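Colleague: Please put together the full structure from these sequences, using the hints given.
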Amino acid sequence: AQSVAQPEDQVNVAEGNPLTVKCTYSVSGNPYLFWYVQYPNRGLQFLLKYITGDNLVKGSYGFEAEFNKSQTSFHLKKPSALVSDSALYFCAVRDGDSNYQLIWGAGTKLIIKP
Amino acid sequence: EAQVTQNPRYLITVTGKKLTVTCSQNMNHEYMSWYRQDPGLGLRQIYYSMNVEVTDKGDVPEGYKVSRKEKRNFPLILESPSPNQTSLYFCASSFLGAYEQYFGPGTRLTVT
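Those protein sequence lines, which keep their order, are chains A and B. Here this note's numbering is used: the first residue of the first sequence is 42, the next is one more, and so on. Here this note's numbering is used: the first residue of the second sequence is 2, the next is one more, and so on.
Quick caveat, the hints were computed from the structure, so don't treat them as lab data. Note that the coordinates shown come from a computational prediction; the quantities given were computed from them, not determined experimentally. Treat the hints with care, since some could be wrong.
[Claimed, not checked] Pairs of lysine-lysine residues, derived as DSSO-like cross-links and limited to a Cα-Cα distance of at most 27 Å, are as follows: (1) Lys-150(A) <-> Lys-118(A); (2) Lys-63(A) <-> Lys-90(A); (3) Lys-18(B) <-> Lys-66(B); (4) Lys-90(A) <-> Lys-58(B); (5) Lys-19(B) <-> Lys-66(B); (6) Lys-72(B) <-> Lys-90(A).
Modeller: Now the structure itself:
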């Protein structure tokens with residue numbers, strides 16, 4: 042069965058420091074991986090995706106994520122955090138060999154302190 | 002502007018009173034989906050549609066209905082709402098294939 046785990050409910054980072062939000066997944070076929078961000082009282086916005094190719098993918102707002110097949114991970118990273126990055130972050134996975142259903146992690150609240 | 006719209010944004014209703022949440026997209030997307038978001042549970046898919054007149058159940062379809070009579074619209078129907086359907090609902094759409102989904106702003110539903 043497909044699943045996504047975001048092991049941290051909340052991540053606290055000081056402004057200017059690097060940040061990492063963790064995601065691990067399980068799918069039987071080829072993983073299509075996505076990161077989305079949700080700001081308060083807003084819908085989800087797409088940040089980046091991995092389908093194939095380079096393991097390091099770059100996305101919106103300076104975020105990037107690294108696909109690691111052996112560790113079945115897709116951690117979200119940013120070299121220097123901004124207060125405005127504070128939001129709820131969701132990782133999602135799709136089995137690229139079968140259907141279009143996205144399986145979502147529970148979300149990680151990212152808090153950037155000035 | 003490319004967007005997914007949902008109405009209403011907020012709704013408070015009573016148990017058993019039928020309601021419909023509308024969803025419309027202007028991007029000519031084939032795929033549309035409804036999710037509910039509950040704290041600590043992430044997003045759970047209710048129903049999805051891969052094209053007009055083609056709908057299928059997601060992970061939590063009980064108590065919900067959908068229809069896809071036009072490509073742009075995908076309404077969510079609660080025939081007899083119950084308090085356990087109190088949640089934040091999102092509609093999303095995308096092209097078929099390895100594409101990201103676009104989300105509506107959400108509908109916060111409270112059933113008393």
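Colleague: So if I understand the rule, the pair passes when the alpha-carbon distance is 27 Å or less; does Lys-18(B) with Lys-66(B) pass?
Modeller: holds (14 Å)
Colleague: Check the hint pairing Lys-63(A) with Lys-90(A) against an upper bound of 27 Å on the C-alpha distance.
Modeller: Since the Cα atoms of Lys-63(A) and Lys-90(A) sit roughly 15 Å apart, the hinted pair holds (cutoff 27 Å).
Colleague: Are Lys-150(A) and Lys-118(A) close enough, with their CA atoms no more than 27 Å apart?
Modeller: holds (14 Å)
Colleague: Given the hint that Lys-90(A) pairs with Lys-58(B), does the C-alpha gap stay at or below 27 Å?
Modeller: Holds, because 25 Å separates the two Cα atoms, which is no more than 27 Å.
Colleague: Are Lys-19(B) and Lys-66(B) close enough, with their CA atoms no more than 27 Å apart?
Modeller: Distance of about 11 Å is within 27 Å: holds.
Colleague: Given the hinted pair Lys-72(B) and Lys-90(A), is their Cα-Cα distance within 27 Å?
Modeller: holds (26 Å)
Violated hints are absent here; each numbered hint is respected by the structure.
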